[in-house]
Amino acid sequence: MLARDELFARLRTVDNLPTISQVLSELMSRLGSVDHNATDLADIIVRDPSLAARFLRLANSAYYGLPCQVRDVTHALVLLGEQEVYKMVATVSVFSSLASSGSNMTHRREQFWMHSVSCAVLANLLDKVLNLNNEGAAYTAGLLHDIGKVVLDQVFPREYAACLQLAESRGCSAWEVEEELLGADHCEVGAWLAERWNLPPEICETIRSHHRFNEALIHRELVGVVAFADVLSHQEVDPELQAEKQFWSEETISWKDMQALTGRELDPLKILESAAKAGDEIRDMLAVLGH
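The sequence shown begins at 2 in the numbering used here and counts up by one.
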């Protein structure tokens with residue numbers, strides 16, 4: 002068992018933790034400013050030839066089903082728009098970073114990718130349905146919400162494997178025993194890493210609070226959207242995720258919570274149908290990306 006201070010002291014000594022790409026960091030910053038255009042964004046993306054190549058492969062895949070071939074990044078921006086291009090770059094960048102992190106991914110790599118992208122896509126969907134106008138942050142936070150699992154698995158592989166075993170024996174979710182064995186859970190560790198990356202505060206807070214919605218004091222709409230997308234992605238998008246037997250504590254967000262949070266009526270059937278459709282589309286995306 003580790004103490005919290007011991008865990009973070011150890012993390013600060015690790016020099017090969019996952020990093021956020023310079024391209025993604027600059028893209029987030031530029032999109033946050035009113036003074037940008039498609040040429041500016043394309044110039045940022047093409048600075049990383051490998052990322053740009055994977056980006057174009059995804060843009061030309063069946064996942065998007067565009068009527069013509071995407072010739073270059075600028076063409077993609079015209080056809081798909083800034084937000085969709087940003088989501089593509091975020092997905093490719095994060096996958097590349099995590100693939101080279103050195104994590105053993107004891108919780109199964111393919112399942113982790115599937116859940117991360119599922120959560121991102123569903124968070125984006127919920128943001129649109131609820132007219133929250135925060136798509137980029139919802140997608141990014143959904144994509145990165147479990148980044149702490151990768152860090153724990155990379156730096157403390159035996160201890161993290163023990164967490165999974167203990168959670169299974171107790172019939173609970175792994176995050177409920179992480180703090181007991183490791184001194185902090187993957188939510189707190191993920192938020193710590195996001196802060197090191199200088200990600201926006203709302204994304205850091207969402208990563209920190211996605212399993213504790215009732216404790217979130219700020220950015221509650223974004224936290225709620227990602228927390229609910231997390232629940233949906235386990236329960237609806239990929240039946241194989243049930244193999245891990247997800248258990249949800251009293252902090253789990255519900256349909257009722259979401260309606261109270263946003264003051265809007267939700268159509269459960271419509272959202273669940275969209276979630277099921279998203280599952281097939283996400284598998285297509287992962288096939289293109291090689292995961």
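Please note that the accuracy of each hint is not assured.
In silico SDA-like pairs for lysine to any residue, Cα to Cα no more than 25 Å straight-line [claimed, not checked]:
{"hint": "1", "residue 1": "278", "residue 2": "255"}
{"hint": "2", "residue 1": "129", "residue 2": "285"}
{"hint": "3", "residue 1": "278", "residue 2": "39"}
{"hint": "4", "residue 1": "129", "residue 2": "12"}
{"hint": "5", "residue 1": "129", "residue 2": "180"}
{"hint": "6", "residue 1": "271", "residue 2": "290"}
{"hint": "7", "residue 1": "271", "residue 2": "284"}
{"hint": "8", "residue 1": "257", "residue 2": "277"}
{"hint": "9", "residue 1": "257", "residue 2": "284"}
{"hint": "10", "residue 1": "278", "residue 2": "256"}
{"hint": "11", "residue 1": "257", "residue 2": "84"}
{"hint": "12", "residue 1": "257", "residue 2": "272"}
{"hint": "13", "residue 1": "129", "residue 2": "16"}
{"hint": "14", "residue 1": "129", "residue 2": "84"}
{"hint": "15", "residue 1": "271", "residue 2": "132"}
No lab work stands behind these hints, which were simulated from the structure alone.
Results for each hint:
{"no.": "1", "hint": "278 with 255", "verdict": "21 Å, holds"}
{"no.": "2", "hint": "129 with 285", "verdict": "22 Å, holds"}
{"no.": "3", "hint": "278 with 39", "verdict": "30 Å, violated"}
{"no.": "4", "hint": "129 with 12", "verdict": "37 Å, violated"}
{"no.": "5", "hint": "129 with 180", "verdict": "34 Å, violated"}
{"no.": "6", "hint": "271 with 290", "verdict": "28 Å, violated"}
{"no.": "7", "hint": "271 with 284", "verdict": "21 Å, holds"}
{"no.": "8", "hint": "257 with 277", "verdict": "21 Å, holds"}
{"no.": "9", "hint": "257 with 284", "verdict": "30 Å, violated"}
{"no.": "10", "hint": "278 with 256", "verdict": "20 Å, holds"}
{"no.": "11", "hint": "257 with 84", "verdict": "29 Å, violated"}
{"no.": "12", "hint": "257 with 272", "verdict": "14 Å, holds"}
{"no.": "13", "hint": "129 with 16", "verdict": "38 Å, violated"}
{"no.": "14", "hint": "129 with 84", "verdict": "12 Å, holds"}
{"no.": "15", "hint": "271 with 132", "verdict": "15 Å, holds"}
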